[in-house]
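A.B. asks: Chain by chain, the residues run as shown.
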Amino acid sequence: MAIITLTTDFGEKDHFAGATKGAIYSELPDVKIVDISHSISPFNIPEAAYIIQNAYSSFPKGTIHIIGIDAEINPENKHIAIKLDDHYFICANNGIMSMICSEIAPEKIVEINIHDKIQTSFPVLDVFVKVACHIARGGTLEVIGKNIPEIKPIKNIVPYVNDDKTQIIGSVIYIDNYGNVVTNIKRSFFETIQKGRDFEISARNYTFKKIHKKYSDIVNFDIPENKRHDEGRKLVVFNSGNFLEIAVYKSNSATVGSASTLLGLGLMDAVSIKFTPKPVIPQGMELPKKIHNVSDFE
Amino acid sequence: MAIITLTTDFGEKDHFAGATKGAIYSELPDVKIVDISHSISPFNIPEAAYIIQNAYSSFPKGTIHIIGIDAEINPENKHIAIKLDDHYFICANNGIMSMICSEIAPEKIVEINIHDKIQTSFPVLDVFVKVACHIARGGTLEVIGKNIPEIKPIKNIVPYVNDDKTQIIGSVIYIDNYGNVVTNIKRSFFETIQKGRDFEISARNYTFKKIHKKYSDIVNFDIPENKRHDEGRKLVVFNSGNFLEIAVYKSNSATVGSASTLLGLGLMDAVSIKFTPKPVIPQGMELPKKIHNVSDFE
Amino acid sequence: MAIITLTTDFGEKDHFAGATKGAIYSELPDVKIVDISHSISPFNIPEAAYIIQNAYSSFPKGTIHIIGIDAEINPENKHIAIKLDDHYFICANNGIMSMICSEIAPEKIVEINIHDKIQTSFPVLDVFVKVACHIARGGTLEVIGKNIPEIKPIKNIVPYVNDDKTQIIGSVIYIDNYGNVVTNIKRSFFETIQKGRDFEISARNYTFKKIHKKYSDIVNFDIPENKRHDEGRKLVVFNSGNFLEIAVYKSNSATVGSASTLLGLGLMDAVSIKFTPKPVIPQGMELPKKIHNVSDFE
Chain A
1 MAIITLTTDF
11 GEKDHFAGAT
21 KGAIYSELPD
31 VKIVDISHSI
41 SPFNIPEAAY
51 IIQNAYSSFP
61 KGTIHIIGID
71 AEINPENKHI
81 AIKLDDHYFI
91 CANNGIMSMI
101 CSEIAPEKIV
111 EINIHDKIQT
121 SFPVLDVFVK
131 VACHIARGGT
141 LEVIGKNIPE
151 IKPIKNIVPY
161 VNDDKTQIIG
171 SVIYIDNYGN
181 VVTNIKRSFF
191 ETIQKGRDFE
201 ISARNYTFKK
211 IHKKYSDIVN
221 FDIPENKRHD
231 EGRKLVVFNS
241 GNFLEIAVYK
251 SNSATVGSAS
261 TLLGLGLMDA
271 VSIKFTPKPV
281 IPQGMELPKK
291 IHNVSDFE
Chain B
1 MAIITLTTDF
11 GEKDHFAGAT
21 KGAIYSELPD
31 VKIVDISHSI
41 SPFNIPEAAY
51 IIQNAYSSFP
61 KGTIHIIGID
71 AEINPENKHI
81 AIKLDDHYFI
91 CANNGIMSMI
101 CSEIAPEKIV
111 EINIHDKIQT
121 SFPVLDVFVK
131 VACHIARGGT
141 LEVIGKNIPE
151 IKPIKNIVPY
161 VNDDKTQIIG
171 SVIYIDNYGN
181 VVTNIKRSFF
191 ETIQKGRDFE
201 ISARNYTFKK
211 IHKKYSDIVN
221 FDIPENKRHD
231 EGRKLVVFNS
241 GNFLEIAVYK
251 SNSATVGSAS
261 TLLGLGLMDA
271 VSIKFTPKPV
281 IPQGMELPKK
291 IHNVSDFE
Chain C
1 MAIITLTTDF
11 GEKDHFAGAT
21 KGAIYSELPD
31 VKIVDISHSI
41 SPFNIPEAAY
51 IIQNAYSSFP
61 KGTIHIIGID
71 AEINPENKHI
81 AIKLDDHYFI
91 CANNGIMSMI
101 CSEIAPEKIV
111 EINIHDKIQT
121 SFPVLDVFVK
131 VACHIARGGT
141 LEVIGKNIPE
151 IKPIKNIVPY
161 VNDDKTQIIG
171 SVIYIDNYGN
181 VVTNIKRSFF
191 ETIQKGRDFE
201 ISARNYTFKK
211 IHKKYSDIVN
221 FDIPENKRHD
231 EGRKLVVFNS
241 GNFLEIAVYK
251 SNSATVGSAS
261 TLLGLGLMDA
271 VSIKFTPKPV
281 IPQGMELPKK
291 IHNVSDFE
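Chains as they are written, first to last, in this note's numbering: chain A, 1 to 298; chain B, 1 to 298; chain C, 1 to 298.
Calculated directly from the structure, the hints in this document are not laboratory data.
Among the hints, a few may not be true.
No copy labels: a pair is met if it fits in one copy or bridges any two.
Calculated pairs, BS3-like style, for lysine-lysine (alpha carbon to alpha carbon, straight line, at most 25 Å) [what the hints assert, rightly or not]:
#1 LYS130 - LYS32
#2 LYS250 - LYS210
#3 LYS13 - LYS32
#4 LYS146 - LYS227
#5 LYS214 - LYS61
#6 LYS214 - LYS13
#7 LYS195 - LYS130
#8 LYS130 - LYS278
#9 LYS83 - LYS186
#10 LYS32 - LYS61
#11 LYS78 - LYS234
Take these sequences, add in the hints, and give me the full structure.
C.D. replies: Structure follows, in structure tokens:
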């Protein structure tokens, strides 16, 4: 039994998500429909790219993902379907898939061409649902579109590295429900540039010299609980999606504050990492082993 | 396998929607439950009427729709079940169904009378779920209620037309997730009054002389993308539910603004359409054919 | 077919809930997943305790409830699984279950010990899902944890009663979607202390001498509808979960106001009940029967 997921900016109130599900069940009564998110900010492509990248791979192979953001068709915004990592994605060719595609090459990309039969102001329901049900029934992409070699890229999604590789300049791509500030700097990219060096992460007026493994690593459990003041403390982690994240321990934007509210960081703001030059080693000396515990990023 | 949908003002946080689903699965383990919306504004009957009208017909025939808005029973607020267009609706008799029923005559309306056995402060769970499961098992409406001839109407839901049919005065019935302003003027109603005449739509201090087919019709794709300034431009369309809607291209109330925030339009505000008298045709002359392309509303 | 419910503070936007569902379906394609709530305030344990207590018992026996609040494992925050009332609960041992457990004794509590194989910064997905699927397949709690005698209690969740039992001092534990103010005073507790006496409920500067059976009991239906002014009127009820609740008839925080906004009541605020001493009965006299209609709380 196929699974179809929905990631949209429809919001929680409007009828769009409900109507889309009704249309799917009308074609395929036995399919499973899973909401990934309907609360993407309207027309926010980087947010949608981040959400779908982090959610899709938990689903079984063969899952079909409908992404309904900025989906109105026009001369510059075509509809596409992609097979990648044994998952299917149906969306507009507006850059949403470029984050996933920068890591895993698509097996197949088609530009959907079933529109001659469809006049619509609700393309997710009238086009994407039809394509998803076609795939769920075992249909191939070639039947509903023509092959194209590549997708439209999204701008400024990759962090910048200077020539001598002493600095990474990334940016904030997502603020999560806890107000944590997610950057576009991935763990693997960071490690490739770091090569064991010390570093300093800067965001606004704040600096960090350590990346923790998990949020509660900032707590000193040797101090009695009633004498600790850890809630509200800032830290840096690689989050569960392996993105560098500036967080606040047990944050809540509405009460104790969050990384976003306390540091004043919003979408597109810069976060930079400076690496310390490796110490010059005088002749005849040897560096002690394991000054830096790379696996700990300390 | 039956489908039961839920449209309520329970919100996303409270336990009410979850508990309702638990109660349904306790009676019918194999039913499908689909959320249409739980974010209707509390006690807002026109909003609920708009949502259910636009969502229900995408579902398969036979679907059962629970509408949990203002559902506490009292001498003036009875519970009803309606069969209409081969769908079932269970709700309070508070006007929610009058928008749908003004377009399609109900096949059957019953006032639910199973309450003698039920003392409840949670009628959706204790009454509506029981009725829905009864219908899902193939039960008839007569078993759970007595026939009534008509439902309670909702006030001011239909736009006003003046006597010489030169003006429609409608009102805002819904603000959607993009901040688009939806009026109660439907396409069919508009066309019936328009009869090909030119028109001017007024809302606050803004006027529009054209109704576009889709949002991106306002974009001139001949101008290079980086020289265009279309985001934030106002336009009028008939939306996917065929309601006249004042929209803003790629709107976002939190960033670039929306029709609601930029025009200052809220629920119940007036939107009027004035029609230009047809030009008097002097004797012996003929009007050129197709001055107005009615199908384009231009 | 097993049911797994989700109650978390993941919010509606992030990918966490979607990814969790994907992981469950990857293990168990035929399970049913039901969202109870993803909008618990971040790290708010009393809110989560209230939501799960009010939702769980509507589900069929055997249902498995994943509660993802403050779930990062650390020396003071272990993962547990509980069997209680023929339902299963999987959560951190942070007090979330103490509200339910204060009413119904758990059949079994285990501290989950499958973590040696799992390095995770997303414990709901990596640990709770594994445990839930193990239980759904018919596995026992002993396989995934070691028995522990009791759970961590939550502080200040029970109302205070003075020594001569003339006063209850409770507190606000939840504000619902309608802005209704829910206290921690349960109907059974209230009745045990009241013993038929008159009472006065105080919250901020407001007092109430009556507890209504339902919200619309405050309406006088003998007065014509257009002469009534009942929307916005304050009242006290026992809600559908049997908690004492200060409510406003047809409230809406954004428009007419709600109990929370109109009375200025927030989480943790005090709500007290003073009981009137029973009148002294002079010798030879008898009290008339049924001065107080206890069942009406009047």
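A.B. asks: If a hint holds in the structure, say so; if it doesn't, say that too.
C.D. replies: Here is how each hint holds up against the structure:
no., hint, in the structure
1, LYS130 - LYS32, "both (15 Å within a copy, 21 Å between copies)"
2, LYS250 - LYS210, "within (19 Å within a copy, 40 Å between copies)"
3, LYS13 - LYS32, "both (22 Å within a copy, 20 Å between copies)"
4, LYS146 - LYS227, "neither (65 Å within a copy, 31 Å between copies)"
5, LYS214 - LYS61, "neither (29 Å within a copy, 36 Å between copies)"
6, LYS214 - LYS13, "between (35 Å within a copy, 22 Å between copies)"
7, LYS195 - LYS130, "neither (49 Å within a copy, 35 Å between copies)"
8, LYS130 - LYS278, "neither (57 Å within a copy, 44 Å between copies)"
9, LYS83 - LYS186, "within (24 Å within a copy, 40 Å between copies)"
10, LYS32 - LYS61, "both (14 Å within a copy, 19 Å between copies)"
11, LYS78 - LYS234, "between (43 Å within a copy, 23 Å between copies)"
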